[in-house]
Amino acid sequence: MSRTTPGVRLLPNAITVLALCAGLSAVQFALSGQYGLAIGAIGIAAVLDSLDGRIARLLDATSKMGAELDSLSDAISFGVAPALVLYVWLPEPGKFGWVAALIFAVCMVLRLARFNTLLDDDEQPPYASEFFVGVPAPAGGLLALLPMMATIEFGQGWWSSEVLVWVWTVAISALCISRIPTLSLKKLKVPARAVAPLLVVVGLAAAATIQYPVVVLMSVLLLYLAHVPYAARRYQWLAKHPEAWDVPAKERRAIRRNRTQRRLGLRKPQFHKVAGAARRAVKRPRASTAHVPRVYPPEPLGSPRSRGDERGPRRRNWRRIGLRQGRD
Numbered sequence: 001m002s003r004t005t006p007g008v009r010l011l012p013n014a015i016t017v018l019a020l021c022a023g024l025s026a027v028q029f030a031l032s033g034q035y036g037l038a039i040g041a042i043g044i045a046a047v048l049d050s051l052d053g054r055i056a057r058l059l060d061a062t063s064k065m066g067a068e069l070d071s072l073s074d075a076i077s078f079g080v081a082p083a084l085v086l087y088v089w090l091p092e093p094g095k096f097g098w099v100a101a102l103i104f105a106v107c108m109v110l111r112l113a114r115f116n117t118l119l120d121d122d123e124q125p126p127y128a129s130e131f132f133v134g135v136p137a138p139a140g141g142l143l144a145l146l147p148m149m150a151t152i153e154f155g156q157g158w159w160s161s162e163v164l165v166w167v168w169t170v171a172i173s174a175l176c177i178s179r180i181p182t183l184s185l186k187k188l189k190v191p192a193r194a195v196a197p198l199l200v201v202v203g204l205a206a207a208a209t210i211q212y213p214v215v216v217l218m219s220v221l222l223l224y225l226a227h228v229p230y231a232a233r234r235y236q237w238l239a240k241h242p243e244a245w246d247v248p249a250k251e252r253r254a255i256r257r258n259r260t261q262r263r264l265g266l267r268k269p270q271f272h273k274v275a276g277a278a279r280r281a282v283k284r285p286r287a288s289t290a291h292v293p294r295v296y297p298p299e300p301l302g303s304p305r306s307r308g309d310e311r312g313p314r315r316r317n318w319r320r321i322g323l324r325q326g327r328d
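Position 79 of the sequence shown, counting from 1, maps to 79 under my numbering, and the rest follow consecutively.
Incorrect hints may appear among the rest.
Claimed, not checked - Here are the simulated lysine to any residue pairs, SDA-like style, with alpha carbons at most 20 Å apart:
#1 Lys-189 with Lys-240
#2 Lys-186 with Ser-63
#3 Lys-189 with Arg-9
#4 Lys-189 with Ser-50
#5 Lys-64 with Arg-9
#6 Lys-240 with Pro-125
#7 Lys-186 with Ala-232
#8 Lys-186 with Leu-119
#9 Lys-186 with Leu-58
What the hints assert, rightly or not - Label pairs and their in silico Cβ distance ranges:
#10 Leu-72 with Arg-193: 40 to 50 Å
#11 Leu-59 with Leu-164: 39 to 49 Å
#12 Asp-60 with Glu-92: 48 to 58 Å
#13 Ser-50 with Ile-210: 40 to 50 Å
#14 Ser-129 with Lys-64: 34 to 44 Å
#15 Leu-164 with Val-216: 15 to 25 Å
What the hints contain is simulated information worked out from the structure, not anything from laboratory work. Think of the CB as a built atom: it goes at the ideal place given N, C-alpha and C, for glycine as much as any other residue.
Given these sequences and hints, build the entire structure.
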């Protein structure tokens, strides 16, 4: 087994430090009045934060120091920096604005502290690794800046009022420290047949981001908020169905579909029904008698058919063939 070189071990920590610098640079951009660059700096910090952990696991370069550094970087980039950016952005934040900024920063630090304690919890169910507890730090830091994004893109409006901005900030703080489950992208698996369409979507998203970066970022954040009820419902469903914990997503859908049919009292049809004149013209044989040959009773002794005489009279059963005898 090859050992990881010190230079490779330094790479994830270097990415974490770059994310920290990006978050702090957002405060400097806000102080100079460049609020678009401030939002972009926090967005870059979120991208770098999602890469450092994955690169560390791929290179087998995880360490306790890296985990602690990542938490401290998240606390500053997504807790302190967004709160200060919002405080500087509003013309007259007042005392209540500073209190709301403190609440956001403290809630983000508490959320990260709880995340670190859950990493060492061995009593979590198997499906718990597919979810975050509460809104993660990068998403929370960007969601707090939604009023600023709307103001930059659409101008002043009800979304830029001071009271609404601070109420929104406190609401996002509550989502970050809540116990509401949210989906984790770390366990997301893309089927092989969906790779090509996904690459096309990524290309279109990149083109839209170049032309309308703020609108694309706002749309992504609103879609993230919309997925929270689905994530909570999925978490509750997995908690009630232990048989679906260790199966892939395709089999989980089959289990959910079967249980839904049982609950509604539905069952699959045996065959397609034919109605109207077509039903009378073409009748499907019964399943119980379709493969059984018809047996006729033996002819009585002395009859022409029993003697092998083909010239004897043969009586037709007119009712059996569906015809009526004509009358002279």
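Cross-check of the supplied hints:
With a CA separation close to 23 Å, the supplied pair Lys-189 and Lys-240 exceeds the 20 Å bound. Under the criterion of a C-alpha separation no larger than 20 Å, the hint pairing Lys-186 with Ser-63 is consistent with the structure, at around 19 Å. Only pairs whose Cα atoms come within 20 Å are accepted, and Lys-189 paired with Arg-9 is rejected, the gap being roughly 27 Å. For the suggested pair Lys-189 and Ser-50, the alpha carbons sit about 16 Å apart, so the restraint of at most 20 Å is met.
Of the supplied pair hints, the one linking Lys-64 and Arg-9 holds, its CA atoms being roughly 12 Å apart against a limit of 20 Å. About 12 Å separates the Cα atoms of Lys-240 and Pro-125, which keeps this hinted pair within 20 Å; it holds. This hinted pair checks out: Lys-186 and Ala-232 have alpha carbons roughly 17 Å apart, not beyond 20 Å. Only pairs whose Cα atoms come within 20 Å are accepted, and Lys-186 paired with Leu-119 is accepted, the gap being roughly 14 Å.
With a C-alpha separation of about 13 Å, the suggested pairing of Lys-186 with Leu-58 holds against the 20 Å cut-off. One distance hint, 40 to 50 Å for the beta-carbon pair Leu-72 and Arg-193, holds here, with the actual separation near 42 Å. Our hint of 39 to 49 Å for Leu-59 and Leu-164 holds, since their Cβ atoms are close to 45 Å apart. Under the hint 48 to 58 Å, the C-beta atoms of Asp-60 and Glu-92, about 52 Å apart, fit the expected range.
At roughly 20 Å, the beta carbons of Ser-50 and Ile-210 sit outside the given window of 40 to 50 Å. The beta-carbon spacing between Ser-129 and Lys-64, approximately 20 Å, falls outside the hinted interval of 34 to 44 Å. Between Leu-164 and Val-216 the beta carbons are some 23 Å apart, a value that agrees with the proposed interval 15 to 25 Å.
Hint compliance for this structure: hints 1, 3, 13, 14 are broken, all remaining hints hold.
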